[in-house]
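Asker: Sequence:
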Amino acid sequence: MKKYILYCFTLLTLSCSTRMLSAQELKILTYNIHHGNPPSEDASIINLDTIAAIIKRTNADLVGLQEIDVNLGRSQNIDQAKKIAELTGMHYFFSKGIDLDAGEYGTVILSKHPIVKTERFELPSPIDSEKRSLAIIHIKLNGKTIKFANTHLDLKKENRLAQSAFIVDKFKNDKNLVILVGDLNARPEEQPILNLEQIFKRSQIKNGFTIPEVNPDREIDFIMLNKTLQLSFKNHSVLEEAYASDHRPVYVEIYTPQ
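In short: position in the sequence shown from 1, add 689, done, that's our numbering.
Simulated from the structure, these hints should not be mistaken for lab results. Virtual Cβ for every residue (Gly too), placed ideally from N, Cα, C. Mixed in with the good hints there might be a few duds.
[What the hints assert, rightly or not] Computed list of lysine-lysine pairs in DSS-like fashion (alpha-carbon distance at most 27 Å, straight line):
{"no.": "1", "residue 1": "Lys785", "residue 2": "Lys845"}
{"no.": "2", "residue 1": "Lys771", "residue 2": "Lys864"}
{"no.": "3", "residue 1": "Lys833", "residue 2": "Lys716"}
{"no.": "4", "residue 1": "Lys716", "residue 2": "Lys890"}
{"no.": "5", "residue 1": "Lys771", "residue 2": "Lys820"}
{"no.": "6", "residue 1": "Lys833", "residue 2": "Lys801"}
{"no.": "7", "residue 1": "Lys833", "residue 2": "Lys895"}
{"no.": "8", "residue 1": "Lys890", "residue 2": "Lys864"}
{"no.": "9", "residue 1": "Lys771", "residue 2": "Lys745"}
{"no.": "10", "residue 1": "Lys845", "residue 2": "Lys864"}
{"no.": "11", "residue 1": "Lys785", "residue 2": "Lys820"}
{"no.": "12", "residue 1": "Lys745", "residue 2": "Lys846"}
{"no.": "13", "residue 1": "Lys861", "residue 2": "Lys771"}
[Said to hold, decoys possible] Have a look at the derived ranges for each label pair, beta carbon to beta carbon:
{"no.": "14", "residue 1": "Gly762", "residue 2": "Ala742", "range": "35 to 41 Å"}
{"no.": "15", "residue 1": "Arg876", "residue 2": "Ser729", "range": "23 to 29 Å"}
{"no.": "16", "residue 1": "Phe898", "residue 2": "Asn736", "range": "32 to 38 Å"}
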């Protein structure tokens, strides 16, 4: 009888170990970096090393950054998307929002995992304003496709409503994991976030304020998962970083499906 109990316990242990190994932790970060210009510094100061150090310190697997300059005079004509990818040793995908001066301005996704597909969609703007985009990368984990999406919604309410509706329509039929991050320029109780919560669950903590960088008093930067797989968040935190940008970074961990 003792041998049988020991045998059953061994099988249970092996089964649990197999499940733990087949599930994979993903560390997620979203950060509006103010084109690398610390707000407390002169506009000519660009500090991408600090941005990269923050990313590396979190050991994030997937990162969504907003307010990225590519070859703009105000930021020393650096391709910031490429440079941050080099500094962090990650794969990257830049998504243009607008042409600006002789360069481009938009968002970037960084990934420790090889990117197998990229997509970019221009978001609707019923009212004339700065164009915004939705960037998506596909990666493979445990033999399954995961989509990681990054965006920066407009300042104008009517545009944010249209843009959030577009995102819901884009992902509403996805059966695999979709991770959505970004600066959404709306608070949790406002309609653009409520729109997204039709199909997404957002990570949240009490007083998880993300802006301004000093004494933050509101939350407009988010990490969300589509509800299809009913996954949970772990270790949500707003990093105590008050120098590098006018936003604070948001960090979350999840476990991917087996």
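Asker: It remains to establish, for every hint, whether it holds in the given structure.
Answerer: To see whether the hints hold, each was checked on the structure:
| no. | hint | result |
| --- | --- | --- |
| 1 | Lys785 x Lys845 | 19 Å, holds |
| 2 | Lys771 x Lys864 | 32 Å, violated |
| 3 | Lys833 x Lys716 | 17 Å, holds |
| 4 | Lys716 x Lys890 | 17 Å, holds |
| 5 | Lys771 x Lys820 | 22 Å, holds |
| 6 | Lys833 x Lys801 | 16 Å, holds |
| 7 | Lys833 x Lys895 | 33 Å, violated |
| 8 | Lys890 x Lys864 | 15 Å, holds |
| 9 | Lys771 x Lys745 | 16 Å, holds |
| 10 | Lys845 x Lys864 | 31 Å, violated |
| 11 | Lys785 x Lys820 | 9 Å, holds |
| 12 | Lys745 x Lys846 | 34 Å, violated |
| 13 | Lys861 x Lys771 | 32 Å, violated |
| 14 | Gly762 x Ala742: 35 to 41 Å | 25 Å, violated |
| 15 | Arg876 x Ser729: 23 to 29 Å | 25 Å, holds |
| 16 | Phe898 x Asn736: 32 to 38 Å | 23 Å, violated |
Checked against the numbered hints above, the structure violates hints 2, 7, 10, 12, 13, 14, 16; every other hint is satisfied.
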